[in-house]
Amino acid sequence: MFRTRLKRATQCLIKPVLAGLLAAAPLAALPATAAANEKVLQLPIRTDGPKTLDPVAGSTTYENMAVSQIFETLLENKYTNPYEFEPRLLAKLPERLEDGKRYRFTLKEGVYFHDHPAFPDGKGRRMVTDDVFYSLKRIADGRYQFKNWWLLENTILGFDEFKESQNASGATFDYDAPVEGFVKINDREFEIVLREPVYRFLWVLTMFQTAIVPREVVEFYDNPDDFGFNPAGTGPFKLVDFTPRRRLIVERNENYHEVRYPAREEWSRDDRRARMHMAAGERVPFVDRIEFTMYVEDQPMWLDFNRGRIAYVEVPAEYFDQAFIRQTRQLRPEFAQRGVTYQANELLDFIFRGFNMDDPIVGGLDDRGRKLRQAINLAIDLEEFSEAFYNGLTVQYDGPIPPGLDGHPEGGRAPVSYRGPNLELARQKLAEAGYPGGEGLPRLQFYTSIGGNNAQQVEMLRRHLARVNIRLEPILVDFSTLIEATNNRRAQIFGFAWSSDYPDAENNLALFYGPNEAPGSNHYNYKNPEYDALYERVRVMEPGPERTALYEKMRDMLIEDAPYVGSMARTRYYLVNPWAVNMRPTERYWAWFKYVDVDDSKR
Amino acid sequence: MWAFIFRRLLYNIPVYLGIILLVMLALRVQDPVYAFLGKSPDQAQYDRIREDFGLNRPFVVQYLDFLKRIVTLDFSERSWDKRMPVNELIATSIPPTLLITLPQLILTGAIAISIGLIAAFFRGRGIDKTLVFLTVLGMSVSYLVYIVMGQYFGAYWLNQRFDVEFFAVQGYDERLSTVGFWAGSPIDALGQWFRYCALPVMIGVIVAIGYDTRFYRAVMVEETNRDYITTAKAKGVGRTKIMFVHMLKNALIPIITRIMITLPFVITGSILVEYYFNIPGMGRTLIEAIRGKDFPVVQTFTALFAAVFIISIILTDVLYALVDPRVRLK
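So the protein lines, in turn, are chains A and B. The number in this note's numbering is simply the position in the first sequence, starting from 1, with 13 added. The number in this note's numbering is simply the position in the second sequence, starting from 1, with 1466 added.
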């Protein structure tokens, strides 16, 4: 009786569910996107994606990724070697005048902005010199909260004064007001005069925040934020739909100026073996449409890659062993058989734990503070950190200069090194600092952000330091509180990471330049007059052996003074699906999607 | 009744003002400006952001300004983080949440009440034990496990194995948020709803059903001991009628209480589901706003949620009077 009832009840439940599933299956399987015959490139964006498409309001990698498809910069990293740049909106590389204090630029012919109602008849107009000056002036406009002012601060003649006067209380920002360093020759030619001949200026011109925007489109909107949702640039793609947190779709710009795929000889032998040169000389972009999908969690992104739904994926740490044989770091055969290829990129990372040099215990350039910091360095085993938290996929090195840049020590080991673990020497240094056996040393406060595996990292740090009787008090806070604590010099020791903005060690060495102290990028408040004098010299030098020698000298000074514990740089692994052609992922810049093609027969 | 509603609303005004005050104070314990500074910031940037956000004004002015916005229903202030008007952000976040939480609430309620009734009626017997065991098992497994397994087996494995895509791994079709899509092509809309929302709904039901079933079963068990049930049995009334007519009707007050308490959470959504399935609903919006120190969004969300909560409590009292003639609204 009971069984009969149960059976009947079960049937009552299961039947409609099955019927529903079957009925809904064909509906659910409807294709979500794209017209036939279109070449569509599906790409992932980790996190919830860009918040704005306005170059001057952007700052994150995701904004860079999106903005770089719609806008362009005067100079651009090379696809064949992202550590070099080439002209993009320029006819040729800038001419260096007056020993690098003045640069002459010639704009490329035939560059037009995307169509937009702000233009007469809605047709995009030709880009001219005034657009360049206008775009750079926006960086100084307080309405954008000076988010990217650090790029041009103390760089262009008269620009800092322009910023001060235009943002003075009661003043209305006047874009027509002159800047001494902006010299217009004609609509295609102009010069920029620098305060000092800083070489990094050219790298700044590759950064997406300096992309060229049309004034009338920005001013078409009452609210300065609105341009970020309705952008019009000169890029290879124009916006179709941007719904923050949901989707971003761009389509081919039919009026895109002539840009061609890098020539065969520009590719290295390895690249040619990987057939990266096959599209040499062809006009880009190749695809009609790019659809970005935002992934706030890794599992869906990983599953979508495995279903062939997205062109490439940055291998999430927890899936590394699924894709690679850990010991050899070779792709597993099941992936290789599917035609999936991989690429490993060393990032320009500087992962460290910093000391507040103003702190009476861990700070100071005297022997006591220096030796204490050296002892802490010697007690920590970065290798174990790497194995435990980064799948062993990091490079450990001395100094603040990441691998691949001038000044990086050969093999990662500098002539001066306090890299641990060397517990005996650590104990000796601790005693020399006046804390024999850790006696008399108060508990040290370590600030780091909540999230990821930071809580576990803190435990390892505590264990390492406990081996030499240094006690650590971890303070886990959210990221903005961490910034606040370091900016207010409250954090004794703090956990941070720095990713180089451009491939020049000067960017990392600036982190220790005295005048950049907190709230600037010198969170350590490291102030060493000798170091500062060297920094002032190197920042106006061109790349070369003399500058590299000075970089090495500065690096060794930092290793000796030890204002941080470090360093590590991650290696990022990417997998690429076989249908994504010419794809070589890099995070150095994001304007490379125009070089990628799609072979639908391999999907 | 209207006098009762008006009076209750009046009594709740200080509570509402207090909630807003507490939330605004709690938010300001930490300085949010640091979350918005660019790389290598200076004092000028800090000051500018502080001024733009209106944080340089005295707290009382900020509080009164926000109250004015509530009274005039003006939530056009821009989100600090997302740079779009808060009302637009919330308006676009509510439909995805409702498309998950409403079906989930209805299904959970219907199934849990039915199971609770059956289990109570067969109390102590095999069917009771089995049903309670299954529902408790369902609620004992972590939400996250269901999500991870659901995505893998429901979305990925089914697709790889049978080449049919019942469910999407993640995502949302924003056309589902428009009435036009549902009215214009309801079959297509239903298909897209199934693709993006059915899996999160099923997972939500499995997890919630255990809690609800245990509650409803307890309520029903209490009812089965009442005299009217014995009387009904003595009169020879059938089991189904006793369960679904007599018992259910008399158990309505706790059922209404439970459902009405759940109702405000229909708007807040589920943070976990929305996060893992990348559904741009209210739960995700709120957690992102809290993480991003986006005060305008957190404050507006609090104001909205507190209002819905207060209204639902008042409505619960009104419903009591409607379903039980012994209850009088005074």
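The hints are simulated quantities; they were obtained by calculation from the structure and are not laboratory data. Each hint should be verified, as a subset may be incorrect.
Once the Cα atoms are required to be at most 25 Å apart in a straight line, the calculated DMTMM-like pairs of lysine to aspartate or glutamate come out as [as the list claims (entries may be wrong)]:
1) A/K566 / A/D334
2) A/K384 / A/E565
3) A/K615 / B/E1631
4) A/K384 / A/E530
5) A/K114 / A/D134
6) A/K52 / A/E271
7) A/K566 / A/E271
8) A/K384 / A/D254
9) B/K1707 / B/E1688
10) A/K52 / B/D1693
11) A/K136 / A/D254
12) A/K540 / B/E1688
13) B/K1534 / A/E486
14) A/K52 / B/E1640
15) A/K384 / A/D235
16) A/K566 / A/D254
17) A/K197 / A/D235
18) A/K52 / B/D1629
19) A/K615 / B/E1517
20) A/K91 / A/E229
21) A/K540 / A/E111
Derived CB-CB ranges, DEER-like [claimed, not checked]:
22) B/I1727 / A/G135: 52 to 58 Å
23) A/D254 / B/L1487: 36 to 42 Å
24) B/G1592 / A/Q356: 56 to 62 Å
Stretches of chain A that chain B covers, calculated by requiring three or more beta carbons in the stretch to come under 8 Å of a beta carbon on chain B [to be verified]:
25) 231 to 242
26) 382 to 392
27) 583 to 596
A virtual CB, placed ideally from N, CA and C, is assigned to each residue, including glycine.
Now for the hints, and whether the structure bears them out:
This hinted pair does not check out: A/K566 and A/D334 have alpha carbons roughly 40 Å apart, beyond 25 Å. Between A/K384 and A/E565 the CA atoms are separated by roughly 21 Å; this keeps the pair inside 25 Å, and the hint holds. With a C-alpha separation of about 20 Å, the suggested pairing of A/K615 with B/E1631 holds against the 25 Å cut-off. Straight-line distance between C-alpha atoms of A/K384 and A/E530 comes to about 22 Å, which keeps the hinted pair within the 25 Å bound.
Only pairs whose Cα atoms come within 25 Å are accepted, and A/K114 paired with A/D134 is rejected, the gap being roughly 41 Å. Pair hint A/K52 plus A/E271 holds up; C-alpha atoms about 20 Å apart against a cutoff of 25 Å. Restraint check: the Cα-Cα separation between A/K566 and A/E271 comes to about 45 Å, which exceeds 25 Å; the hinted pair is violated. Under the criterion of a C-alpha separation no larger than 25 Å, the hint pairing A/K384 with A/D254 is inconsistent with the structure, at around 57 Å.
Pair hint B/K1707 plus B/E1688 holds up; C-alpha atoms about 17 Å apart against a cutoff of 25 Å. For the hint linking A/K52 to B/D1693, the alpha-carbon distance of about 73 Å lies beyond 25 Å, and the restraint is violated. Note on A/K136 and A/D254: the hinted pairing holds, with a Cα-Cα distance of about 19 Å set against a maximum of 25 Å. As the CA atoms of A/K540 and B/E1688 are separated by approximately 75 Å, the hinted pair breaks the 25 Å bound.
Taken as a hint, the B/K1534 and A/E486 pair is broken in the structure, with Cα atoms around 45 Å apart against an allowance of 25 Å. Taking the CA atoms of A/K52 and B/E1640, the gap is about 23 Å. The hint holds against a cut of 25 Å. Proximity of A/K384 to A/D235 is assessed by CA-CA distance (about 57 Å); at most 25 Å being required, the pair is judged violated. The hinted pair formed by A/K566 and A/D254 fails the criterion: a straight-line CA distance of about 51 Å is larger than 25 Å.
In summary, the hint linking A/K197 to A/D235 is not supported, as the alpha carbons are separated by about 29 Å, beyond the 25 Å threshold. Taking the CA atoms of A/K52 and B/D1629, the gap is about 23 Å. The hint holds against a cut of 25 Å. The hinted pair formed by A/K615 and B/E1517 fails the criterion: a straight-line CA distance of about 54 Å is larger than 25 Å. Between A/K91 and A/E229, the direct Cα distance comes to roughly 31 Å. Violation of the 25 Å bound is thereby established for this hinted pair.
Among the hinted pairs, A/K540 with A/E111 is inconsistent with the structure: their alpha-carbon atoms are about 32 Å apart, more than 25 Å. For the pair B/I1727 and A/G135, the beta carbons lie near 54 Å from each other, so the given range of 52 to 58 Å is met. Evaluation of the 36 to 42 Å hint for A/D254 and B/L1487 yields a pass: the beta carbon distance comes to about 40 Å. Checked against the hint of 56 to 62 Å, the pair B/G1592 and A/Q356 passes, with Cβ atoms roughly 59 Å apart.
Counting residues of the stretch 231 to 242 of chain A whose beta-carbon sits less than 8 Å from any beta-carbon of chain B gives 4, enough to reach three: the coverage restraint holds. By the rule of at least three residues with a Cβ nearer than 8 Å to a Cβ of chain B, the coverage given for the stretch 382 to 392 of chain A is violated, with 0 such residues. Only residues whose beta carbon comes within less than 8 Å of a beta carbon in chain B count, and the stretch 583 to 596 of chain A has 0; fewer than three means the coverage is violated.
Of the numbered hints listed earlier, those contradicted by the structure are 1, 5, 7, 8, 10, 12, 13, 15, 16, 17, 19, 20, 21, 26 and 27.
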